[in-house]
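Kindly produce the complete structure, drawing on both the sequences and the hints.
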Amino acid sequence: MTHGESRILATVRDLTESREVEQALRRSEREFRSLFTSAPVGLGVAELEGRLLAFNDAILQPGGYTREDVEKIGNVAGLYYDSGDREKAIALFAAQGFVNQFETRFKRKDGEPYDVWLSITPTTFNGTPCLQAIVEDRTERKRAEEALRRSEEQLRQSQKMESVGRLAGGVAHDFNNLLG
1 MTHGESRILA
11 TVRDLTESRE
21 VEQALRRSER
31 EFRSLFTSAP
41 VGLGVAELEG
51 RLLAFNDAIL
61 QPGGYTREDV
71 EKIGNVAGLY
81 YDSGDREKAI
91 ALFAAQGFVN
101 QFETRFKRKD
111 GEPYDVWLSI
121 TPTTFNGTPC
131 LQAIVEDRTE
141 RKRAEEALRR
151 SEEQLRQSQK
161 MESVGRLAGG
171 VAHDFNNLLG
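Heads up: the sequence shown is residues 1 to 180, going by our numbering.
Source of the hints: derived by calculation from the structure; they are not laboratory data.
It is possible that part of the hints are untrue.
As the list claims (entries may be wrong) - Pairs of lysine to aspartate or glutamate, EDC-like flavour, derived with a Cα cap of 16 Å:
{"#": "1", "residue 1": "107", "residue 2": "137"}
{"#": "2", "residue 1": "107", "residue 2": "85"}
{"#": "3", "residue 1": "109", "residue 2": "82"}
{"#": "4", "residue 1": "109", "residue 2": "71"}
{"#": "5", "residue 1": "88", "residue 2": "103"}
{"#": "6", "residue 1": "109", "residue 2": "68"}
{"#": "7", "residue 1": "109", "residue 2": "47"}
{"#": "8", "residue 1": "107", "residue 2": "82"}
{"#": "9", "residue 1": "107", "residue 2": "136"}
{"#": "10", "residue 1": "109", "residue 2": "137"}
{"#": "11", "residue 1": "109", "residue 2": "57"}
{"#": "12", "residue 1": "107", "residue 2": "69"}
Below, the structure is given as structure tokens:
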């Protein structure tokens with residue numbers, strides 16, 4: 001093999017390796033995008049000032065928003081029901097460097113509140129320091145917890161009434177014995 005032939009083979013090998021790396025990168029990007037878009041919880045990325053850069057559909061559903069609605073809102077501040085909650089989340093993030101399942105309320109498209117757990121971690125997106133948020137809708141779970149709490153309270157009340165009934169029955173029995 002001549003010197004020219006070895007250079008051609010090396011060039012062909014370099015191009016082949018480059019294409020394989022490019023294909024692997026595209027495949028990895030598709031897989032990541034699929035994980036992001038199909039996640040069962042709301043995922044979003046925002047600049048440090050709060051401007052939304054990317055989000056999945058699961059973040060839209062509880063509030064009844066469309067993608068266009070959220071893009072018009074533009075800043076995560078517009079999603080909070082109470083702006084004071086956002087300030088608390090930011091203070092917690094500043095103190096800890098992350099937020100894990102901060103209980104807060106977001107605002108539905110119709111203005112009504114809904115309960116969420118908010119987790120925030122720092123990330124980099126397109127070379128820019130950002131915040132990644134995980135938003136878990138707690139509305140149904142809170143309803144179930146409230147129904148369970150009411151059921152437990154009713155059970156306790158029922159048990160109290162049963163105890164009072166037994167006590168009254170015992171007193172009546174003893175009273176009857178005394179009269180007899």
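Consistency of the hints with the structure:
Proposed proximity of residue 107 and residue 137 is supported: the alpha carbons are some 12 Å apart, at most 16 Å. Our distance criterion of 16 Å between C-alpha atoms is met by residue 107 and residue 85, whose separation comes to about 12 Å. Proposed proximity of residue 109 and residue 82 is supported: the alpha carbons are some 14 Å apart, at most 16 Å. At most 16 Å may separate the alpha-carbon atoms for a hinted pair to count; residue 109 and residue 71 meet this at roughly 13 Å.
For the given pair, residue 88 sits about 10 Å from residue 103 by alpha-carbon distance, which is consistent with the 16 Å threshold. Distance restraint check for residue 109 and residue 68: the Cα-Cα separation of roughly 12 Å lies within the 16 Å cut-off, and the hinted pair is therefore satisfied. With a CA separation close to 23 Å, the supplied pair residue 109 and residue 47 exceeds the 16 Å bound. At most 16 Å may separate the alpha-carbon atoms for a hinted pair to count; residue 107 and residue 82 meet this at roughly 8 Å.
Of the pairs offered as hints, the one joining residue 107 and residue 136 holds, with about 14 Å between alpha carbons and a cut-off of 16 Å not exceeded. A C-alpha spacing of about 15 Å is found between residue 109 and residue 137, which places the hinted pair at or below 16 Å, so the restraint holds. Taking the CA atoms of residue 109 and residue 57, the gap is about 15 Å. The hint holds against a cut of 16 Å. Only pairs whose Cα atoms come within 16 Å are accepted, and residue 107 paired with residue 69 is accepted, the gap being roughly 12 Å.
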